[in-house]
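S.K.: Read off the chains here:
2 protein chains.
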Amino acid sequence: MMSDMTTRDHIINSADQLFYRQGFEHTSFSNIADAVQISRGNFYHHFKSKDEILDAVINVRLANTQMMLEKWEIEGKTPEDRIRSFINILIANKAKIKQYGCPVGTLCTELAKLNHASQPEANRLFMLFRIWLCRQFTLLGREADADALAMHLLARSQGVATLANAFHDEKFIKNEVKQMSDWLSSCIKGTE
Amino acid sequence: MMSDMTTRDHIINSADQLFYRQGFEHTSFSNIADAVQISRGNFYHHFKSKDEILDAVINVRLANTQMMLEKWEIEGKTPEDRIRSFINILIANKAKIKQYGCPVGTLCTELAKLNHASQPEANRLFMLFRIWLCRQFTLLGREADADALAMHLLARSQGVATLANAFHDEKFIKNEVKQMSDWLSSCIKGTE
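Here the protein sequences come in this chain order: A and B. Using this note's numbering, the first residue of the first sequence is number 5, and each one after it goes up by one. Using this note's numbering, the first residue of the second sequence is number 5, and each one after it goes up by one.
Read the hints as simulated data drawn from the structure, not as lab findings. It should be emphasised that the depicted structure is a prediction, and the values quoted were computed from it without experimental measurement. Where hints are given, some of them may not hold.
Remember, identical chains collapse to one label, so a pair may be satisfied in a single copy or spanning two.
Straight-line distance between alpha carbons at most 30 Å, and here's what the computed DSSO-like set of lysine-lysine pairs gives [to be verified]: (1) Lys-178 / Lys-193; (2) Lys-75 / Lys-182; (3) Lys-182 / Lys-193.
All chains, please: the whole structure from these sequences, using the hints.
M.R.: In structure tokens form, the structure reads like this:
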């Protein structure tokens, strides 16, 4: 039913934001119910536990990430353009990254510490980026080290997010994005 | 009194490990008391709240970091040697990083999400490394961009820790440490 779907989506969306802004462990079942402003009965009808909500949040994030990567794939004329789309999410999301860090990295780090059963699922978010970047580097003619280049770029963007969050520094993000862009150009030069 | 100091240190040490391994929020006051195996009365005599323990843990980490940096300063004959000591902690601590991430980065990230009053204190851990690295790059003749180089290296080591933790991959750490070392050599070349 339509209205039923909408309430479920509303719960997932509120939980997604709360998990990102204040962490999974720190967010209680009640916090989410309060944010959605529905009765406990209605809430329990959709989700029985916070872990169930987490799985739903991860699934939505996986689907959204997949859609974003497909959009970059279509819009970018060359593999280089597409990799630049990845690098530039640091700029597009700089205000949120400064305040809350990277949504993927901070969730995976938290679930690893909690030794949470959903950690492998959350890791698939990193995997989507890794595999997609690996394919772009392969298309650039770097098949021999495509995965290492993908991991290197993922690591650099993660590190920038962590420090931008700690120091609340957007200028640092811009400076590092410029360097990642130069690094990408040097990767391409090596294949010409 | 000697015995009094020892119990306090024992509490701080247990809390330090629990905060690192399972996160600050997820570690309860009781978890720490259980780990130390002392009575609640004795425990409360030393610390009234988990936040008090956190501050003590951060202070111990700050003191230990300061000592480590001073040791590197004395042992390293050149600024290059000293920066390599920093890069190599990723190798020295690779098993723990693979399992729990970087102790500094994961604590700062968690406290930022909790909007915790001790976040600025925890950030001073990053600051100690930043200032120390900045001084080494200045000594290398890179005074103009010493702080940017320090932040770049800190970010790279943070990113490596985050991904090594997510993918449980020690080989990746070694591969990236080699690249950081090459990057350092290229920084020095630029000054000759």
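S.K.: Hint compliance check: list the failing hint numbers for this structure, sorted ascending.
M.R.: Checked against the structure, no hint fails, so every one of them is satisfied.
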